[in-house]
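With these hints in hand, go ahead and build the complete structure from the sequences.
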Amino acid sequence: MKGLPAYIVRRLLFFIPTFFAVSVIVFSIIHFLPGDPITWMLVDNPLFVSEEVIEALTKYYGLDKPLYVQYFNWLFNLVKGDWGMSMRTRAPVMLEISTRYMNTIQLAVSAMIFSVIVGIVAGVTSAVRQYSWFDRFSMFGALLGAAMPVYWTGLLMLGIFAVQFRWFPVSGGTGLRALVLPTIALGMARTATMARLTRSSMLEVMREDYIKTARSKGLKERLVIYKHALKNALIPVVTVAGMSFGGMLGGTVITETIFTRSGLGRIAVESIWTHDLPMIQGVTIVYVIIFISLNLIIDVVYAYIDPRIRYG
Amino acid sequence: MGEVTEEGGLFAEEEGLQMYQTQWDRFKLVVRRLWKNKAAVLGFFVVVFLVMFCVLAPYIAPYSPLKLNIPERLQPPSMSHLLGTDQFGRDILSRLLYGGRLSLGVGIISVVLGLIPGVLLGLSSGFLRGNVDAAIMRGVDIMMALPSILLALLIVTVLGPGLINTMIAVGIGGIPSMIRLVRGKVLSIRETEYIEAARSIGANDWRIMIRHILPNCAAPIIVVATLRLPSAIIMAASLSFIGLGAQAPTPEWGAMLASGRHFLTTSWWICTFPGLAIFLAVLGLNMFGDGLRDALDPKLKS
Amino acid sequence: MMTMSEDLLRIEDLVVQYETEEGIVQAVDNVNLTVKRGEVMGLVGESGCGKSTLALSIMGLLARPMGRIVSGHIFLEDVDLVGLSQDELRKIRGKSISMIFQDPTASLNPVFTVGEQLVEAFKAHEGKIDAEEARARAVEILRKVGISDPETRLSQYPHEFSGGMKQRAMIAIGLANNPLMLIADEPTTNLDVTIQAQILELMRALKKEFDSSILIITHNLGVVAELADRVGVMYAGRMAEVGTADQIFHDPVHPYTKGLISSLPGFKSRSDRLPIIPGRVPNLVRPPPGCRFHPRCTYASDRCSREECKGQIVEGRFIACHTALRMLEEAAGDQV
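Residue numbers (the working numbering), protein chains in the order written: chain A, 1 to 312; chain B, 1 to 302; chain C, 1 to 336.
Since the hints were made in silico from the structure, they are not lab data.
Accuracy of the hints is not assured; some may be wrong.
Said to hold, decoys possible - Here are the computed lysine-lysine pairs in the BS3-like style, where the Cα-Cα straight-line distance is at most 25 Å:
hint : chain 1 : residue 1 : chain 2 : residue 2
1    : C       : K208      : A       : K220
2    : C       : K123      : C       : K91
3    : C       : K128      : A       : K227
The structure is reproduced here in structure tokens:
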């Protein structure tokens with residue numbers, strides 16, 4: 001693993017300035033809003049809007065200070081852990097987020113794992129038994145699955161398995177049981193893509209010369225497929241898995257709404273509706289952090305599988 | 001050391017995109033390949049039919065999509081209402097047809113909206129290199145640090161809900177990947193000799209970009225755009241689903257799903273048909289897009 | 001009789017076909033070939049003449065399900081490889097017969113170290129091996145193929161090797177289990193000319209040391225001239241002529257071989273223009289009737305267009321040409 005630690009450090013160094021840039025964007029949302037930010041935030045409570053209130057809140061949020069001062073104050077508070085107060089619930093943003101973010105990570109990660117495992121297994125099996133009924137069946141299924149939007153799948157599953165059969169809870173709930181339907185709904189489209197990609201990648205790799213070499217060495221067919229071919233075939237798969245993680249995270253927004261799960265996604269939607277700016281900012285930052293961290297992990301896995309990357 | 005003359009292989013013919021000189025020949029070859037792909041043809045016709053029905057909505061829809069008709073609310077599919085009615089008595093079929101214009105239209109427009117800046121920025125970035133490239137790529141990295149739905153949500157936050165803003169939000173989401181794609185293609189073509197030749201004749205940068213490089217990028221751009229359409233449609237419908245896109249009573253498919261949500265078990269038709277419509281559109285586009293990709297580059301076929 | 005155990009590999013009446021979109025390709029049509037112990041047999045012919053297919057058939061590596069051995073025998077020390085199960089073939093691959101391929105870059109798995117791929121060759125046939133011992137053996141064999149600093153090289157990846165070194169590594173893998181025969185399919189074609197010479201020299205030295213036979217397949221006659229004891233010439237899936245290197249190069253008999261040899265610059269002719277063989281290689285889905293070479297042959301007779309010449313062994317050479325055989329007969333008759 002020579003180049004691997006160096007590679008990790010390099011990726012970290014890359015992400016830090018990106019994170020700062022994103023923070024600038026998130027911060028500056030407040031200044032892109034139509035009209036006066038305070039009025040915008042209070043849009044649901046027009047009765048409160050008055051000269052004094054606007055002035056007080058402007059001072060409270062430090063909006064009268066110069067831009068760069070505002071930014072650094074905001075950033076400083078961010079790092080300190082003071083993410084402001086939710087306009088809607090009057091509770092600290094940090095509290096609202098910290099009670100919920102695990103649920104979202106749980107959902108996103110489990111959907112990721114589901115789609116990766118099922119997708120890869122289906123893809124490899126299809127490739128190894130090309131043209132068999134399994135192959136045709138799973139590829140057809142993948143075609144359909146890729147077209148099913150999360151909300152439709154989610155609603156269907158909710159209606160059938162939760163309400164009709166009562167196998168799973170209809171709403172809310174933490175714990176494994178409540179995780180099953182949302183995971184499948186969220187992961188289904190990605191599973192389909194994974195399966196197709198793994199299959200075509202495997203088929204391509206199996207045609208490579210080094211597979212011929214492996215066979216000519218007299219290796220057992222199982223070794224040829226699962227050691228030589230698979231490792232190479234997984235390279236593009238891991239890339240795509242990584243790139244699609246963003247979609248997975250984003251999908252939690254919808255999934256949590258459908259299954260009424262407590263999580264960042266639902267809060268994100270609610271805070272946008274209620275113009276709860278501190279919450280919006282907080283949720284975005286958390287999403288970005290989660291996203292960047294998991295991307296980093298995927299990059300490392302990628303570099304582990306394909307040694308040529310470590311020196312790139 | 002001598003060598004035996006190598007004349008031809010096992011087969012006398014060799015088909016390849018490179019062998020054809022004119023753009024028209026290449027186009028015909030692609031169409032021929034596409035035609036052979038049954039799935040792609042099927043997908044194409046599914047999409048064409050859907051689009052046709054939606055475009056013809058004013059002429060074939062049996063009822064008005066917006067008119068309330070409370071006495072006939074929540075009726076299951078029947079002869080008078082082929083797909084049933086929703087909680088306000090509105091005919092689902094008519095809403096579906098009119099809504100398709102919105103859902104499909106939003107998808108198409110957002111992709112086009114994202115295409116133009118994406119291609120232009122990608123061209124500039126790849127061709128001009130230097131500081132321009134660095135700046136654009138930084139922007140791309142930052143935009144890609146956010147999951148695309150989040151980006152869309154942020155944009156909708158600033159601009160407010162509504163269908164037009166949805167188009168903008170979804171369109172912008174597609175820009176970073178388009179920039180990367182075009183830039184990559186430009187970088188690989190750039191070093192080929194005929195660009196050097198064009199330069200040596202004194203052609204200026206813009207001319208080179210548009211007349212020489214762009215046509216070569218056309219193929220992957222078309223494929224990516226076609227494959228992005230389904231995600232754009234889904235994302236627009238998602239935004240409507242959570243209430244940030246199309247507002248009631250607009251019959252956009254995502255919004256229809258949202259409004260039918262509470263009647264899932266009692267009046268299942270309210271949700272199912274819009275979802276089915278989205279599904280069919282996406283499926284058709286996926287099959288066609290895959291076929292298009294295979295037809296343009298047979299090496300990728302398995 | 002000494003001749004029986006002298007023959008290491010005996011291919012008899014081998015027929016191999018490929019299924020393609022255009023039809024069934026008769027890739028190898030009733031080919032006979034013998035390789036003796038410790039000799040270097042060169043197999044030459046144009047691209048597409050079936051020589052690679054022949055090699056892959058010996059190893060049982062034909063791309064399934066399109067390619068298959070239709071009939072014939074391949075005897076390795078009296079065991080017929082045709083008809084063996086995949087399991088049994090696997091025991092032979094890499095142990096009794098090894099193969100190295102044309103493009104060393106594509107032939108080594110990019111995600112494993114060279115050492116791993118080498119040790120794998122040992123493990124495939126010996127089961128569990130002590131790691132230290134495996135390492136030592138790997139280092140030893142890398143040194144033998146001329147790779148300097150083998151201890152470090154073991155833990156490097158293929159992309160860190162140069163082209164010539166990669167091919168040496170492939171040879172090392174091929175010779176790892178001291179095989180009876182090494183098949184080399186265009187081993188030098190992808191390499192620089194200077195490296196080519198080095199690799200050939202290496203193969204010559206190793207042949208002596210490991211006492212293996214080598215079946216070298218190439219379209220490059222120069223390579224064959226350097227290395228081969230005997231040479232087989234294939235055309236369009238059939239064996240045209242087999243003889244010693246000396247015979248083939250200095251006294252070719254089959255019209256095709258004659259054409260090949262005379263097209264070598266500076267070999268025999270002094271004219272300014274290189275003679276070429278007119279026409280093109282036939283389509284192997286619908287080959288010409290009779291002798292497959294007859295449309296391009298200046299000596300073709302009527303019989304050639306109707307009847308394929310199955311070939312005979314004359315004075316230790318295999319010749320498959322009606323005209324050539326007739327001329328030899330007449331010449332022999334004259335001498336009586």
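Task: Non-conforming hints, listed in increasing numerical order - done: Failing hint: just 1.
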